[in-house]
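Undergrad: If you want the building blocks of each chain, they are given just below.
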Amino acid sequence: MSNADTPVPGVSAELLKLLDHLQVALQHIASGLDAGFWTRGEFWIGLLLGLGGIVVSAFGLRYSIKAFREASIAATAARAAARSVKIQSVTPELHEVAQKLGAIDFAIDFITARVVLLEATSRLTRYTMPFKDDPRFSETIAALRNAARDAWTVLDGVRPSDPAKPVPNAVFNGIDGSFSQLVQLISELLGLMETETLALGDDDVDDAH
Amino acid sequence: MSTMPTETELLAYLDELIEASRAGKIPWGQGNPTTFVWDVPNRARITLQQTSGVRGGPQAIMRPRRPGVVLPPVQQRPPTPAVPFTSYVFQVQELATNVMRIHTQNEDTTSVGKKLAELYQNITTNLSRKNLDFLKSLVPKG
Numbered sequence: 011m012s013n014a015d016t017p018v019p020g021v022s023a024e025l026l027k028l029l030d031h032l033q034v035a036l037q038h039i040a041s042g043l044d045a046g047f048w049t050r051g052e053f054w055i056g057l058l059l060g061l062g063g064i065v066v067s068a069f070g071l072r073y074s075i076k077a078f079r080e081a082s083i084a085a086t087a088a089r090a091a092a093r094s095v096k097i098q099s100v101t102p103e104l105h106e107v108a109q110k111l112g113a114i115d116f117a118i119d120f121i122t123a124r125v126v127l128l129e130a131t132s133r134l135t136r137y138t139m140p141f142k143d144d145p146r147f148s149e150t151i152a153a154l155r156n157a158a159r160d161a162w163t164v165l166d167g168v169r170p171s172d173p174a175k176p177v178p179n180a181v182f183n184g185i186d187g188s189f190s191q192l193v194q195l196i197s198e199l200l201g202l203m204e205t206e207t208l209a210l211g212d213d214d215v216d217d218a219h
Numbered sequence: 012m013s014t015m016p017t018e019t020e021l022l023a024y025l026d027e028l029i030e031a032s033r034a035g036k037i038p039w040g041q042g043n044p045t046t047f048v049w050d051v052p053n054r055a056r057i058t059l060q061q062t063s064g065v066r067g068g069p070q071a072i073m074r075p076r077r078p079g080v081v082l083p084p085v086q087q088r089p090p091t092p093a094v095p096f097t098s099y100v101f102q103v104q105e106l107a108t109n110v111m112r113i114h115t116q117n118e119d120t121t122s123v124g125k126k127l128a129e130l131y132q133n134i135t136t137n138l139s140r141k142n143l144d145f146l147k148s149l150v151p152k153g
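From first to last, the protein sequence lines are chains A and B. In this text, residue positions in the first sequence follow our numbering: the first is 11, and each later residue adds one. In this text, residue positions in the second sequence follow our numbering: the first is 12, and each later residue adds one.
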């Protein structure tokens, strides 16, 4: 029975009608609150849309990571290829330096020895510079530079007191050991570089994973 | 063509040479900072040279390129350290023919090398003394 059907003294019929509408509205709200939200269709539609968004985002993230990895691998491979090209351009020069150092004559004089050593040490410094911080070559390059310094000290030790009266074979006897040490270290460096060239790509690409 | 005397003969000869040098009977000169020369006019030139070298040093040892990679034992060993050594070259050249009669090179750890080192030290001391005497003679006397 509604409020409008029962007249209340001092209250107009319109007000009672309004109260009835308000009561009905409140009952609707109360009945909606009593039922679980999962019983509503909007909830499920929203949920499905949300889950779909998450799945799409996960796929996007996965392909982004994959693309980043591929790019890293490509960059590493490119760097390795560039280094390999550099190595291939340097190795013939190092071969030539080693050959010149190893071909000194028994009767070599001081001036000739000085020219040979100056050229060799200059070229060695230039050719090894790009690799001096590379952990795969740095130890041999450091030893090579020390050996070059030692060779200069040894050469100073055979500088003739009287250039007009050179001591037979003295220059050769003095520098032979140092020059041989240089040749040995250059050969070692060449071996390391050739090994690196052969192994191009495999480990470098693996490193990026 | 050089021929080598036996080690015993060479050691005996070097003993004589050391004695004569110590007594100042041999006029050693200096061919370069590490070589002493004794010229016997029209007969021979005798030289004694100190040389140095390095044995061993870095060798191409493979290293693991990634953590966790285990290499075979041969590749794991540390590089050989560089070991410096000193040796002496003793030569006797016949001037008339320019033939090298004796040429021997010995490290200072061998018996001949030790004897040559003794001779070298002896000559160094004598020449240093002579050079010092010469320097003293240049100082004006008051």
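Among the hints, erroneous ones may be present.
[Stated by the list, open to error] BS3-like, lysine-lysine: derived pairs with alpha carbons at most 27 angstroms apart:
no.: 1; chain 1: B; residue 1: K141; chain 2: A; residue 2: K175
no.: 2; chain 1: B; residue 1: K36; chain 2: A; residue 2: K175
no.: 3; chain 1: A; residue 1: K110; chain 2: A; residue 2: K142
[Stated by the list, open to error] Covered by chain B, according to a simulated footprint, are these stretches of chain A (three or more residues, beta-carbon under 8 angstroms):
no.: 4; region: 42 to 52
no.: 5; region: 171 to 180
Simulated from the structure, these hints should not be mistaken for lab results. Built from N, CA and C at the ideal position, the CB exists for glycine as well.
Undergrad: Compare the structure with each hint and give your call.
TA: Results for each hint:
no.	hint	in the structure
1	K141(B) x K175(A)	21 angstroms, holds
2	K36(B) x K175(A)	22 angstroms, holds
3	K110(A) x K142(A)	23 angstroms, holds
4	42 to 52	violated (count 0)
5	171 to 180	holds (count 8)
The structure is inconsistent with hint 4 alone, although it conforms to all the rest.
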